[in-house]
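Quick mapping for you: the protein sequence lines, in order, are chains P and L.
Using the numbering used here, the letters of the first sequence map in sequence onto residues 28 to 144.
Using the numbering used here, the letters of the second sequence map in sequence onto residues 231 to 559.
It is worth saying that the hints were derived from the structure and are not from the lab.
Values in this document were obtained by computation on a predicted structure and should not be read as measured data.
Glycine included, C-beta positions come from ideal geometry on N, C-alpha and C.
Honestly, I wouldn't trust all of these hints.
[Claimed, not checked] Pulled a few chain P residues facing chain L out of the computed Cβ check, cut under 8 angstroms:
#, residue
1, E80
2, F83
3, V96
4, S98
5, T104
6, H123
7, L127
8, D130
9, T131
10, T133
11, G136
Here's the letter readout for the chains.
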Amino acid sequence: MNRFAYLALLPALLFGSASVEAHANLQSASPAVGSTVGSPPAQVSLTFSQNLERKFSRLEVRNAGGTRVDSGGVSVTGNTMRVGVKGLSPGAYTVHWRVLSVDTHTTEGSFTFRVGR
Amino acid sequence: MFDPLIVVRTIHFAAAIAVAGAFAFSLFVVEPVWSGARSLPPEMAASARQHLTRLVWLGLAFAVPSGIAWLLVLAAQIGDVPLSDALRDGTAWAVLTDTQFGVVWELRAALALVLAALLLMRQRTTVRWQRWLRIVTATSAVLLLGSLAWAGHAAAVVGIGGSLHLLSDIAHLLAAGAWLGGLVPLLLFMRQAESALAQQPSALPCLVLNRFSALGIAAVATVAASGLVNAWFLTDHMRGLFGTDYGALILIKSGLFGIMFCIASINRVRITPRIAAAVEADDPVLAISAWRQLRTNTAVEIAIGLVIIYVVGVLGVTMPSGHTHLSFL
Numbered sequence: 028m029n030r031f032a033y034l035a036l037l038p039a040l041l042f043g044s045a046s047v048e049a050h051a052n053l054q055s056a057s058p059a060v061g062s063t064v065g066s067p068p069a070q071v072s073l074t075f076s077q078n079l080e081r082k083f084s085r086l087e088v089r090n091a092g093g094t095r096v097d098s099g100g101v102s103v104t105g106n107t108m109r110v111g112v113k114g115l116s117p118g119a120y121t122v123h124w125r126v127l128s129v130d131t132h133t134t135e136g137s138f139t140f141r142v143g144r
Numbered sequence: 231m232f233d234p235l236i237v238v239r240t241i242h243f244a245a246a247i248a249v250a251g252a253f254a255f256s257l258f259v260v261e262p263v264w265s266g267a268r269s270l271p272p273e274m275a276a277s278a279r280q281h282l283t284r285l286v287w288l289g290l291a292f293a294v295p296s297g298i299a300w301l302l303v304l305a306a307q308i309g310d311v312p313l314s315d316a317l318r319d320g321t322a323w324a325v326l327t328d329t330q331f332g333v334v335w336e337l338r339a340a341l342a343l344v345l346a347a348l349l350l351m352r353q354r355t356t357v358r359w360q361r362w363l364r365i366v367t368a369t370s371a372v373l374l375l376g377s378l379a380w381a382g383h384a385a386a387v388v389g390i391g392g393s394l395h396l397l398s399d400i401a402h403l404l405a406a407g408a409w410l411g412g413l414v415p416l417l418l419f420m421r422q423a424e425s426a427l428a429q430q431p432s433a434l435p436c437l438v439l440n441r442f443s444a445l446g447i448a449a450v451a452t453v454a455a456s457g458l459v460n461a462w463f464l465t466d467h468m469r470g471l472f473g474t475d476y477g478a479l480i481l482i483k484s485g486l487f488g489i490m491f492c493i494a495s496i497n498r499v500r501i502t503p504r505i506a507a508a509v510e511a512d513d514p515v516l517a518i519s520a521w522r523q524l525r526t527n528t529a530v531e532i533a534i535g536l537v538i539i540y541v542v543g544v545l546g547v548t549m550p551s552g553h554t555h556l557s558f559l
């Protein structure tokens, strides 16, 4: 990047165009992102790069038909959040998360995993 | 896109820095000079104290509303709702009571209240209690500024690195308060002392400059060292210093700090000795001309300092390059 390209940031400084961006990034997940697991998991667990705020953090698991299959009781400990899932039949599942890190930045994302051989 | 959070952050940081700086200037600069001075005009000390108290009230008058605005704007962003809805639907209350930021805000609101109450008490207490009150009010001001570290990126980092980052951030804030915040009462003092200096060159103003200079050196060294530690964590061990928005803002901030440092060095190495020499030679004309130069430089430093605080305002809503592994190089 050309050193003068930083001048391009001056409008951002003057008018504050920098937007609020995500700070807590997904570091690992169980079941892992995009993985296929042989036996149905009892819970879905996500670990982030930063500690999370329980009150403003959500986690949902849906089946291929779009129906929620999680228990709804999300627990947050430090930078990890978990939700129970029961009796997942073979197929694809989508995990959607929206979390607030303790430095007050919201981030969201989703990934899928598969149950079956 | 205009982000109101940048504006409220900037105002709040500036106000908290001004409050802490007024106390640093009082405790470490003027009060020791006043207590050691034999031929101090009593009205000079009284008027300087009054200026400092007014400055603290002014700082609080900006810090409290901007702190409330920060909470409301943040709640609206977290809830993804308009500002009025955030207040009505309870999101703001939930942010205040159910998040780390909110708990820190409750404590800081209590600190602001304590500070205001102590300021009022100070005007009505006996001399015996004045010293203790000054220490307690100064501690409240220090906590009011230092606790801002829990509202920033350092508060969310996991593990021992997070604690180190948090400590470094607190040191950075307090040193900025002592230096940048101390420049405002210094400028007020310089304006006040200028007429006295024109009538009768005296070594007293030079004592104030020397003490501020000593405080400044300690504060600048702390700002630089803690700034490096913070940048290390926030720019992925300096790898994100180039090629990311966050890194570029850190570089701009460092450049502005460098300019302030150069002006402070010129003040210390060239202008202050010139004033001292003019006072010694009993030459009011020379003393006043150097004094005015110093006043101008101090005003320029404050202006650059405000731009730095604005950059800090932007940094708080920009993703640190150390928190992501993406780069647009």
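Each hint tested on the structure:
1. E80: Nearest chain L Cβ about 5 angstroms off; hint holds.
2. F83: holds (6 angstroms)
3. V96: violated (25 angstroms)
4. S98: With Cβ-Cβ at 22 angstroms, over 8 angstroms, it is violated.
5. T104: violated (12 angstroms)
6. H123: This interface hint is violated because 15 angstroms lies over the 8 angstroms limit.
7. L127: This interface hint holds because 6 angstroms falls under the 8 angstroms limit.
8. D130: This hint holds: P:D130 lies near chain L, its Cβ roughly 4 angstroms from the closest one there, short of 8 angstroms.
9. T131: holds (5 angstroms)
10. T133: With a minimum Cβ separation of about 6 angstroms from chain L (threshold 8 angstroms), the hint on P:T133 holds.
11. G136: violated (13 angstroms)
Of the numbered hints listed earlier, those contradicted by the structure are 3, 4, 5, 6, 11.
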